[in-house]
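A.B. asks: Residue numbering for the sequence shown follows this note's numbering, beginning at 1 and increasing consecutively.
Since the hints were derived computationally from the structure, they do not count as laboratory data.
Heads up, some of the hints might be wrong.
[Unchecked claim] What follows is a set of in silico ranges between Cβ atoms, one per label pair, in the way DEER data are often shown:
id, residue 1, residue 2, range
1, S74, L9, 18 to 28 Å
2, L38, C2, 16 to 26 Å
3, W43, M1, 29 to 39 Å
4, E78, K28, 49 to 59 Å
5, A5, V76, 33 to 43 Å
6, A6, F48, 14 to 24 Å
7, A5, L44, 15 to 25 Å
Backbone N, C-alpha and C fix where the C-beta goes; we use that ideal spot for every residue, glycine too.
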Amino acid sequence: MCSTAASCLVLQVLPYLLNTDQANLGGKICFIFFGLSLPICAWLYFYFPEMKGRNYAEIQEMFSNRVPARKFKSHVCEAGAGGQEKSKLQEEA
1 MCSTAASCLV LQVLPYLLNT DQANLGGKIC FIFFGLSLPI CAWLYFYFPE
51 MKGRNYAEIQ EMFSNRVPAR KFKSHVCEAG AGGQEKSKLQ EEA
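Make the full structure from the sequences, and use the hints.
C.D. replies: Encoded structure:
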C-alpha cells in the first residue's frame, strides 16, 4: 500500500520537475533523490540486521534477546542447528 502510494506520488510529480516549461530541473533531480536516500541509508545501517550465515533458530534467539541490529554479525548464539542449544549438541558428539 505504501509502495503504491509512493509510486503514484513520484509518477505525478516527476514530469513537472523534468518539464522545461515547469520546474525545469533536468539533471538536478539527482540531488532530490540523493537527499531522500541519505536518511534511508542511515536507517538501514542502524536498524537492519546482518543475517548472513545464520539459521532460523539463531535469528529467533537474537530477536528474542533484543540484540541491536549492528551487533548481529558478532553475536555468539546459544542455539545451534535445529533450535537445540550448543551445549546439548556438544554432549551428543
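A.B. asks: Do A5 and V76 keep their Cβ atoms within the hinted range of 33 to 43 Å?
C.D. replies: With a Cβ separation near 42 Å, A5 and V76 satisfy 33 to 43 Å, so the hint holds.
A.B. asks: Between the beta carbons of S74 and L9, is the distance compatible with 18 to 28 Å?
C.D. replies: 39 Å, violated
A.B. asks: Range first: 16 to 26 Å. Now tell me if the beta carbons of L38 and C2 are that far apart.
C.D. replies: 19 Å, holds
A.B. asks: Could one say that the CB atoms of A6 and F48 fall in the range 14 to 24 Å?
C.D. replies: This hint holds: roughly 19 Å between Cβ atoms.
A.B. asks: Taking the Cβ atom of E78 and the Cβ atom of K28, is their distance within the range 49 to 59 Å?
C.D. replies: 53 Å Cβ-Cβ, so the 49 to 59 Å window holds.
A.B. asks: Within 15 to 25 Å or not, the Cβ separation of A5 and L44?
C.D. replies: 21 Å Cβ-Cβ, so the 15 to 25 Å window holds.
A.B. asks: Could one say that the CB atoms of W43 and M1 fall in the range 29 to 39 Å?
C.D. replies: Given range 29 to 39 Å: violated, Cβ gap about 20 Å.
Hints 1 and 3 from the list above are not met by this structure, while the remaining hints are.
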